[in-house]
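Put chain B on the given structure of chain A with help from the hints.
Just so you know, the sequences run in chain order A and B. The first sequence begins at 54 in our numbering and counts up one residue at a time. The second sequence begins at 54 in our numbering and counts up one residue at a time.
Heads up, some of the hints might be wrong.
Chain copies aren't distinguished; within one or between two, either way the pair holds.
Cross-link-like lysine to aspartate or glutamate pairs, in silico, EDC-like; alpha carbons within 16 angstroms at most [stated by the list, open to error]:
#, residue 1, residue 2
1, Lys166, Asp392
2, Lys97, Asp622
3, Lys520, Asp619
4, Lys592, Asp622
5, Lys291, Glu573
6, Lys97, Glu598
Calculated from the structure, these hints are not laboratory results.
2 protein chains.
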Amino acid sequence: MKSKILRVNMDELTVEFENVPEDYKNLGGRALTSQIVADEVSPKAHPLGPNNKLIFAPGIVTGTNSPNSGRISAGGKSPLTGGIKESNAGTPFAKTLAQKGIKALVIEGEPKKDKFYILKLGKDGEQFVEADDYVGKGLYKAYEDLHEEFGEGIEITGVGIAAELRAANAGISYTDPEGMSSRYSGRGGLGAVMASKGLKFIVVEEPEENMIEIKDKETFDKGRKKLANALMEHDVTKKDGALNTYGTSVLVNIINESGGLPQRNFSEGSDDRSDMVSGERKAEEIKKRGGVRPHKCSPSCIIQCSEIWTKEDGSDPVGVLEYESVWSLGPNCGIYDLDIIGELNRACNDLGLDTIEAGNTIAVAMEGGLLDFGDGEGALKLMDEIYNKTPLGRILANGAEFTGRAFGVDRVPTVKGQSMPAYDPRPIKGIGVTYATTPMGADHTAGYAIAPEIMGVGGEADPFDTKKGELSKNLQRATAAIDSAGYCLFIAFAIMDIDEGMEGVVDTVNGVLGTDYSIEDVMDFGKEGLKVEREFNEKAGFSKEDDRLPEFMKEEKLPPHNVVFDVPDEEIDSVWED
Amino acid sequence: MKSKILRVNMDELTVEFENVPEDYKNLGGRALTSQIVADEVSPKAHPLGPNNKLIFAPGIVTGTNSPNSGRISAGGKSPLTGGIKESNAGTPFAKTLAQKGIKALVIEGEPKKDKFYILKLGKDGEQFVEADDYVGKGLYKAYEDLHEEFGEGIEITGVGIAAELRAANAGISYTDPEGMSSRYSGRGGLGAVMASKGLKFIVVEEPEENMIEIKDKETFDKGRKKLANALMEHDVTKKDGALNTYGTSVLVNIINESGGLPQRNFSEGSDDRSDMVSGERKAEEIKKRGGVRPHKCSPSCIIQCSEIWTKEDGSDPVGVLEYESVWSLGPNCGIYDLDIIGELNRACNDLGLDTIEAGNTIAVAMEGGLLDFGDGEGALKLMDEIYNKTPLGRILANGAEFTGRAFGVDRVPTVKGQSMPAYDPRPIKGIGVTYATTPMGADHTAGYAIAPEIMGVGGEADPFDTKKGELSKNLQRATAAIDSAGYCLFIAFAIMDIDEGMEGVVDTVNGVLGTDYSIEDVMDFGKEGLKVEREFNEKAGFSKEDDRLPEFMKEEKLPPHNVVFDVPDEEIDSVWED
Numbered sequence: 054m055k056s057k058i059l060r061v062n063m064d065e066l067t068v069e070f071e072n073v074p075e076d077y078k079n080l081g082g083r084a085l086t087s088q089i090v091a092d093e094v095s096p097k098a099h100p101l102g103p104n105n106k107l108i109f110a111p112g113i114v115t116g117t118n119s120p121n122s123g124r125i126s127a128g129g130k131s132p133l134t135g136g137i138k139e140s141n142a143g144t145p146f147a148k149t150l151a152q153k154g155i156k157a158l159v160i161e162g163e164p165k166k167d168k169f170y171i172l173k174l175g176k177d178g179e180q181f182v183e184a185d186d187y188v189g190k191g192l193y194k195a196y197e198d199l200h201e202e203f204g205e206g207i208e209i210t211g212v213g214i215a216a217e218l219r220a221a222n223a224g225i226s227y228t229d230p231e232g233m234s235s236r237y238s239g240r241g242g243l244g245a246v247m248a249s250k251g252l253k254f255i256v257v258e259e260p261e262e263n264m265i266e267i268k269d270k271e272t273f274d275k276g277r278k279k280l281a282n283a284l285m286e287h288d289v290t291k292k293d294g295a296l297n298t299y300g301t302s303v304l305v306n307i308i309n310e311s312g313g314l315p316q317r318n319f320s321e322g323s324d325d326r327s328d329m330v331s332g333e334r335k336a337e338e339i340k341k342r343g344g345v346r347p348h349k350c351s352p353s354c355i356i357q358c359s360e361i362w363t364k365e366d367g368s369d370p371v372g373v374l375e376y377e378s379v380w381s382l383g384p385n386c387g388i389y390d391l392d393i394i395g396e397l398n399r400a401c402n403d404l405g406l407d408t409i410e411a412g413n414t415i416a417v418a419m420e421g422g423l424l425d426f427g428d429g430e431g432a433l434k435l436m437d438e439i440y441n442k443t444p445l446g447r448i449l450a451n452g453a454e455f456t457g458r459a460f461g462v463d464r465v466p467t468v469k470g471q472s473m474p475a476y477d478p479r480p481i482k483g484i485g486v487t488y489a490t491t492p493m494g495a496d497h498t499a500g501y502a503i504a505p506e507i508m509g510v511g512g513e514a515d516p517f518d519t520k521k522g523e524l525s526k527n528l529q530r531a532t533a534a535i536d537s538a539g540y541c542l543f544i545a546f547a548i549m550d551i552d553e554g555m556e557g558v559v560d561t562v563n564g565v566l567g568t569d570y571s572i573e574d575v576m577d578f579g580k581e582g583l584k585v586e587r588e589f590n591e592k593a594g595f596s597k598e599d600d601r602l603p604e605f606m607k608e609e610k611l612p613p614h615n616v617v618f619d620v621p622d623e624e625i626d627s628v629w630e631d
Numbered sequence: 054m055k056s057k058i059l060r061v062n063m064d065e066l067t068v069e070f071e072n073v074p075e076d077y078k079n080l081g082g083r084a085l086t087s088q089i090v091a092d093e094v095s096p097k098a099h100p101l102g103p104n105n106k107l108i109f110a111p112g113i114v115t116g117t118n119s120p121n122s123g124r125i126s127a128g129g130k131s132p133l134t135g136g137i138k139e140s141n142a143g144t145p146f147a148k149t150l151a152q153k154g155i156k157a158l159v160i161e162g163e164p165k166k167d168k169f170y171i172l173k174l175g176k177d178g179e180q181f182v183e184a185d186d187y188v189g190k191g192l193y194k195a196y197e198d199l200h201e202e203f204g205e206g207i208e209i210t211g212v213g214i215a216a217e218l219r220a221a222n223a224g225i226s227y228t229d230p231e232g233m234s235s236r237y238s239g240r241g242g243l244g245a246v247m248a249s250k251g252l253k254f255i256v257v258e259e260p261e262e263n264m265i266e267i268k269d270k271e272t273f274d275k276g277r278k279k280l281a282n283a284l285m286e287h288d289v290t291k292k293d294g295a296l297n298t299y300g301t302s303v304l305v306n307i308i309n310e311s312g313g314l315p316q317r318n319f320s321e322g323s324d325d326r327s328d329m330v331s332g333e334r335k336a337e338e339i340k341k342r343g344g345v346r347p348h349k350c351s352p353s354c355i356i357q358c359s360e361i362w363t364k365e366d367g368s369d370p371v372g373v374l375e376y377e378s379v380w381s382l383g384p385n386c387g388i389y390d391l392d393i394i395g396e397l398n399r400a401c402n403d404l405g406l407d408t409i410e411a412g413n414t415i416a417v418a419m420e421g422g423l424l425d426f427g428d429g430e431g432a433l434k435l436m437d438e439i440y441n442k443t444p445l446g447r448i449l450a451n452g453a454e455f456t457g458r459a460f461g462v463d464r465v466p467t468v469k470g471q472s473m474p475a476y477d478p479r480p481i482k483g484i485g486v487t488y489a490t491t492p493m494g495a496d497h498t499a500g501y502a503i504a505p506e507i508m509g510v511g512g513e514a515d516p517f518d519t520k521k522g523e524l525s526k527n528l529q530r531a532t533a534a535i536d537s538a539g540y541c542l543f544i545a546f547a548i549m550d551i552d553e554g555m556e557g558v559v560d561t562v563n564g565v566l567g568t569d570y571s572i573e574d575v576m577d578f579g580k581e582g583l584k585v586e587r588e589f590n591e592k593a594g595f596s597k598e599d600d601r602l603p604e605f606m607k608e609e610k611l612p613p614h615n616v617v618f619d620v621p622d623e624e625i626d627s628v629w630e631d
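Just chain A, with the same shape it has in the complex (with noise of 0.2 angstroms):
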């Protein structure tokens, strides 16, 4: 193994090239994060202290041509949750850090001067550059500054304005293929944690030699190859298929259908005007502006969910309004203006916000009376105030729980602290058990439910049946082995629907690694990691009484369908038994 960890000490600014422990040389990205975290950060450790770590760590087969490989996991003590965290990305930074042979990145120590730094990994070795011009400067322009810095061929990593507040709605922002920053491991409050110990961007240059090792070139290419062919064979995933023509909104009509798409706080599973802000109208909207669409993350995707959205007059792009940031910004703030959501997103980008942490914000300082449901041009009143440093930005800033804290509100909808995606989990059971169960607090992206509950897709399932803890328990344990893995989620429809797909993970792992694993063998590695987690968690205070909802979605009846969320105790403690 070519690969290195490195570790860099923010007390000392000094970095060190470490050999990869027996232990960890077949992990990779969230098994890799959270094994890290679970070894050497204590459970008790102030999130924003010296002793918690941030760890950046390429999947097994990112960097690699393997088709939607190109993700990263950070991982470290979650500010917003209080418990463990991996938040992962797709973005060519991934890439190049693996390429240059980095297994993980492990950022320890704070400086002993308030002061924020620029780590570059060059060609030519590590460097740490002083940061002040960029401190209180947005992300767009952050990032033109920085290439201009420190010239072509490089890939960013970084934070913004929310996190020089130490905020718990930080996230942290990677370049996408335009250089802008787009892409994020936004969830959990992360990029406190990277500004905590005073970094505010790590710059990666192109390697000139490409470091990954592949032991079995055959395995792997063959796997590469029946991976490629399933992820362009289903309709999900195909070109020209649902996620390629409209993006990730493609779910907008879908769930709003459903009767799942939370609206006002949620308060309501559908409304008409969703339509307006649906992928549909998007793509349309963008092929008007002349936007992209479709459009890669990063440079190994075949899927291309993504997209370039514009103004009208074609100005201020955004680097993808997902599904979910249209959602929490949109319908969920009685909002369902394309342009507003689109203005909103592109504020949270350069501040450094999770879309789905900020809109949900807004709709609970909208619950609290700060401001009207559906007043667009408030929420983006409130972005100035992030960008001004106020009180109110501060509360703003640090997510969901705390805003509904500050101003008194009740119906908040968070797991753990942290806020609900896209999804209402009282007329889709399933992933209301994900939200409920997973270390991560409420996420979708943990056990995608959705997928059989509403999509039809890795089986059927009746999004009203209660019994759904082994169904979240198998989704969130193959969730994290390709978490591990280093591939987007996204490739799952493929591979829970088409054998070969599933297959074609496991050979290019095998073949990366030089490993012979069956199937069964990345499930346990998947298993493996949640129980990792959930330990970390325990000792940081969680029990199984903290897997559950809020307690106005066991007691408010969701309309169209007016139904409570009725998952028993019992039925949700089960995804943690064998």
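Relative to chain A, chain B alone:
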């Protein structure tokens, strides 16, 4: 038993007298509020939602002429800690409620309209009165106006501007013998619970008939005398003794001397300037200004540790500057000026804020760079933010941990979300075990290990010794019993050292109830009550991993003794072993 439970339904604005269930008949004060919360409130209820309840209960002996029996417990699920809360106070309101025959007042539901009410419990019945005119008014003026509106012979409990914000540091205020807003169930944010029910004030008229029933008058009288004798014999509680002469602030110099008086957000344990705010200085100053010292907080008090503090010109009376308040608003903020502290204390009483939490909040804001340590004028201006209900005011009114998160501070002295009182647990380890384990969050009154550790009362214990599980356990059980009996905790000094005093407590309880409990039985009641509270918290999501002090106290050595908090986790957990 003549007394009843009065159930107040804020949905319908109705009240109903209920017979006391057999199970509750020998309970009072804390044991009763906690039992009703455990029986009627879901541990998963949102503290500010319709399913939380607020309970008031006088103690078993409250309303009798037994000394220091004028206590009332308020209970509910805490918005500050998320766990069960009992917060008790000495006030004539307690006696009046008890003499009216109200064993417990259960407030439930929330009004359909967003409106505040006054509940009048009059001689001629109960009625709701709209409270519109009182919204936004400081409590000093409000209490004056209430006395005008409802006439003489009333006692009041109510909530201020902080509670109107539904903020987690909103306490519940009660009248002192002068009718001022000076007495507090301060801790844990129960004021926000009261406000969430739409209840601004409860006004109780003195009843024509005293409904207190003493089943065995002879035993009671015998006990009452024994207790009075013990109180008048013990150095701490006797006439011209420590508390009577200097009030609770007698501790300032003592704890400063011990190296455990936290300075500037728990960064040092002593400072010579502490003497400038000592009990001795304060007593002198009160004499000069024509304030009152000694003074009783409620009619039956014979210790009289209270006082009335004023500005130099005799204006703006504050019904007691307690040791805890002087410390939190003083040395813990680097403020060594009794006049500033007096103004801050008056603002807290007027806004309806717990002073311990408020002082810690200011100190954490100072740590976060909002203002400098020692900036008294700046601290006073922060109070204006709460009066004006600004976003910064909302942050501050939510307490120290919340403020810490808003300003990204990683040194926050809280347990279960509640700020520590005036004893640094690093050089006084027994009190640290109490902070860690009491179901209330950091709370000195829950098991006052300072008595044996510093004062040599109730035995002697080396403050640096880490074997403190047994000590804290026994103190917590005894305290739970005293809080349920309805006695002021300060009787503990005398009854721990003088056997006759302890007998007096048991005799008076037996006298009122007509029971034949032994001292051991009474201790068992304390133990059982704690178990009820602990179980509620477990169901709410707490585990033993939450029974821990903040990370920085295990890492940062506290001058002058340069020690960390090093009680092993197993020793802490032994509190909950039988």
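Hint check results:
{"no.": "1", "hint": "Lys166 with Asp392", "result": "neither (42 angstroms within a copy, 36 angstroms between copies)"}
{"no.": "2", "hint": "Lys97 with Asp622", "result": "between (27 angstroms within a copy, 12 angstroms between copies)"}
{"no.": "3", "hint": "Lys520 with Asp619", "result": "within (10 angstroms within a copy, 47 angstroms between copies)"}
{"no.": "4", "hint": "Lys592 with Asp622", "result": "between (22 angstroms within a copy, 12 angstroms between copies)"}
{"no.": "5", "hint": "Lys291 with Glu573", "result": "neither (27 angstroms within a copy, 76 angstroms between copies)"}
{"no.": "6", "hint": "Lys97 with Glu598", "result": "between (19 angstroms within a copy, 9 angstroms between copies)"}
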